[in-house]
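Taking the hints into account, I'd like the entire structure generated from these sequences.
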Amino acid sequence: MSNTVMERLPANAATRGTLSAGRRIITSPKYAPVLVTLGLFIAMFVSGGVRYDNFWSPQVLLNLFVDNAYLIVLAVGMTFVILTGGIDLSVGSVIALSAMICAKLLEAGVPAAGVIAVTLVATSLLGLGMGLMIHVFKVQPFIATLAGMFLARGLCYVISEASISINDPFFVSMASTRIPLGGSASITISVIIALLVVAIAFYVLHYSRFGRTVYALGGSEQSGTLMGLPVGRTKVLVYVVSGLCSGISGVLYSFYTLSGYSLTAVGTELDAIAAVVIGGTLLTGGYGFVLGSALGVLVLGLIQTMISYEGTLSSWWTRIFIGGLLLVFIVLQKVLTRRRN
Amino acid sequence: MSAQLRNFTGSRIFWPVVILVGLVIVDVIAFPGFLDITVKEGHLFGAPIDILRNGAPTLLIGVGMTLVIATRGIDLSVGSIAAISGAVVSALLLNSPTPDNPWTVVQAVGIALILGFILGVWNGTLVAYLKIQPIIATLILMTAGRGVAMLITEGQILTLHSKPFEWFGSGFIVGFPVAVVIAAVVLILTMLVVRRSALGMFIESVGINPEASRQAGIRSRGLLLGIYAFCALLAALAGLIITSDQTAADANNTGLFIELDAILAVVIGGTSLMGGRFSLIGTLVGVLVIQTLVTTVYIVGIPPVATMVFKAVVVIAVSLLQSPTTNEKFANWRKDRRRPTPTKAIEPKREKVSA
Chain A
30 MSNTVMERLP ANAATRGTLS AGRRIITSPK YAPVLVTLGL FIAMFVSGGV RYDNFWSPQV
90 LLNLFVDNAY LIVLAVGMTF VILTGGIDLS VGSVIALSAM ICAKLLEAGV PAAGVIAVTL
150 VATSLLGLGM GLMIHVFKVQ PFIATLAGMF LARGLCYVIS EASISINDPF FVSMASTRIP
210 LGGSASITIS VIIALLVVAI AFYVLHYSRF GRTVYALGGS EQSGTLMGLP VGRTKVLVYV
270 VSGLCSGISG VLYSFYTLSG YSLTAVGTEL DAIAAVVIGG TLLTGGYGFV LGSALGVLVL
330 GLIQTMISYE GTLSSWWTRI FIGGLLLVFI VLQKVLTRRR N
Chain B
302 MSAQLRNFTG SRIFWPVVIL VGLVIVDVIA FPGFLDITVK EGHLFGAPID ILRNGAPTLL
362 IGVGMTLVIA TRGIDLSVGS IAAISGAVVS ALLLNSPTPD NPWTVVQAVG IALILGFILG
422 VWNGTLVAYL KIQPIIATLI LMTAGRGVAM LITEGQILTL HSKPFEWFGS GFIVGFPVAV
482 VIAAVVLILT MLVVRRSALG MFIESVGINP EASRQAGIRS RGLLLGIYAF CALLAALAGL
542 IITSDQTAAD ANNTGLFIEL DAILAVVIGG TSLMGGRFSL IGTLVGVLVI QTLVTTVYIV
602 GIPPVATMVF KAVVVIAVSL LQSPTTNEKF ANWRKDRRRP TPTKAIEPKR EKVSA
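Listed in order, the protein sequences are those of chains A and B.
Taking the numbering used here, the leading residue of the first sequence gets 30, the next gets one more, and so forth.
Taking the numbering used here, the leading residue of the second sequence gets 302, the next gets one more, and so forth.
Some hints here could point you the wrong way.
[Said to hold, decoys possible] For lysine-lysine, the following DSBU-like pairs were computed, each having C-alpha atoms within a straight-line distance of at most 35 angstroms:
id, chain 1, residue 1, chain 2, residue 2
1, A, K167, B, K636
2, A, K59, B, K432
3, B, K432, A, K167
4, A, K363, A, K59
5, B, K630, A, K167
6, B, K432, A, K363
7, A, K133, A, K363
8, A, K167, A, K59
Hints in this document: simulated from the structure, not taken from any laboratory.
Remember, it's a predicted structure, so these values are computed and weren't measured experimentally.
Structure (structure tokens):
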């Protein structure tokens, strides 16, 4: 496919000039969904401001980050996996597991830094295990990560059935510290961590060999192998990345809720997948951006905010709206990729 | 005899059956009366009957899921469809002045099933006509469906008082629980239809190579649409059984994670997620393995909270045992043992065509 684009490029540029370059961006499966998402986000924010009082304040915008910091990190990890054409169903349970590990270890008196380190190593190892199952034993990503989902959720129950609250001073300060951004607007430290993760992921995906291999795998695994790319290593590593991101996400989640409970974050994997799709990543792999996924999370957050502002709509409309939005974006992706092929 | 035995040990359901037998042996050791079935007032009772009854909804969905997976698809929305059908039937019965009238119940059940069928047609349209990846096409309904069910129940847990409807969950037909009879009839009818007609072949050919089967004259779109509709219909039926059994419709929890159990049962039963060859008997074995596992956890005295961990261990064990890598290693090891000088050259290499 990239071949045909290359061949067409000079001819197009010569005949239609810069106008066609603009059109190509608008109709490309690579950029168009992200642009649509951006347009949608702006349109929603503007219409929200027109419709509701006190909507156009910086804090409403910043709260999207504050409330969804953990989901942004989760969507970043999911983007890596989906870019290779895989899927990770375990992320929701892994959030619960890492929050649980944090709470239990803190209760036992382990210092906060050690707790976070142990949590991140544990979730990365879980990701490694799933990656090895997928690559070495050729188990479908769907089934391997489903097993991971059961395992993580089950381990939560094994650690504790009851909710454990967190009183550690470091965690409490992470939960309560607000960084003022002028005026009355402020963000939490979690937001900074989330944005940092997005920035690192952006750098890795676009400026490192590993990142290029991730895209290549999603384009065509066979071509990747024939080109001599480290297919196996990359395939395993994306699940490690996803595990690590789920771990970070779980730590942020425990900053946010200050507790560990086995039944938290049920179904969060769906939110993460939805955010990645709405953010313009092609589910068959190969196309997509982490920035798009972050934007997808913000759109989901904005839907929730608008429904709470509306007041008369019950909260379960959120799910229906997200489902509808998913449909629109999937059909859009379909139309765009069909035109290209 | 030995050839038959070798056939069986080589088949895909050999390991799942071994695991099932292993679980039953563990149960019998831990609880000697495990296999006892007693007859009370003409009804059968006992742990094996409980396993069958609790497994019935999963088996119903598993049958539909097997066919969907055989076409190289997947249906994630079955849990939500089950929740919607339970919610619809409860709302209809609660708003009806005569919930104990069998005719009212028949009407409510009919409407719920038709609605399930329509939702399946929606899934099938997305997959067959808009050519959307099945996992995503059904993800839409999985996400939105619970919201719809919540709208129908208005966020409440609807408690039901309708004798004829309770029959689904707690009634008996010739000694067997109604749910078990329904699931068995559906399983047998489906097996007859797909194996005694060319339908099963069509399904497999669409799963193996959609383009080639289209050129061979199979109308794959209609076939896909029908299979998704059938799967959703069975999901709606399962939703009715679950709702009747609990005598309440809970939009949040009815059929929660049942899609995962059903997919698991199908995979344990040896049907590949890559589509093609499928085994409905395998799915039955898969459902029995999962349900027996849950029962075993209770009987052996492991805290029930650890069930999830054991499920994970079984999934990992089964998928590693069925993995081509393991099988190849195992085959090589056997060959090496039989012949001291391994002759790699004549070993037939199975080519795997990836999409």
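How the hints compare with the structure:
Restraint check for K167/A and K636/B: the C-alpha separation of about 22 angstroms stays at or below 35 angstroms, so the hint holds. Using a Cα cut-off of 35 angstroms, the hinted pair K59/A and K432/B holds, with the two alpha carbons roughly 19 angstroms apart. Straight-line distance between C-alpha atoms of K432/B and K167/A comes to about 26 angstroms, which keeps the hinted pair within the 35 angstroms bound. This hinted pair checks out: K363/A and K59/A have alpha carbons roughly 12 angstroms apart, not beyond 35 angstroms.
For the hint linking K630/B to K167/A, the alpha-carbon distance of about 13 angstroms falls within 35 angstroms, and the restraint holds. For a cut-off of 35 angstroms, the pair hint linking K432/B to K363/A stands: about 8 angstroms separates their Cα positions. Distance hint between K133/A and K363/A is unfulfilled; the C-alpha atoms sit about 46 angstroms from each other, more than 35 angstroms. For the proposed pair K167/A and K59/A, the alpha carbon gap of about 29 angstroms is at most 35 angstroms, so the pair holds.
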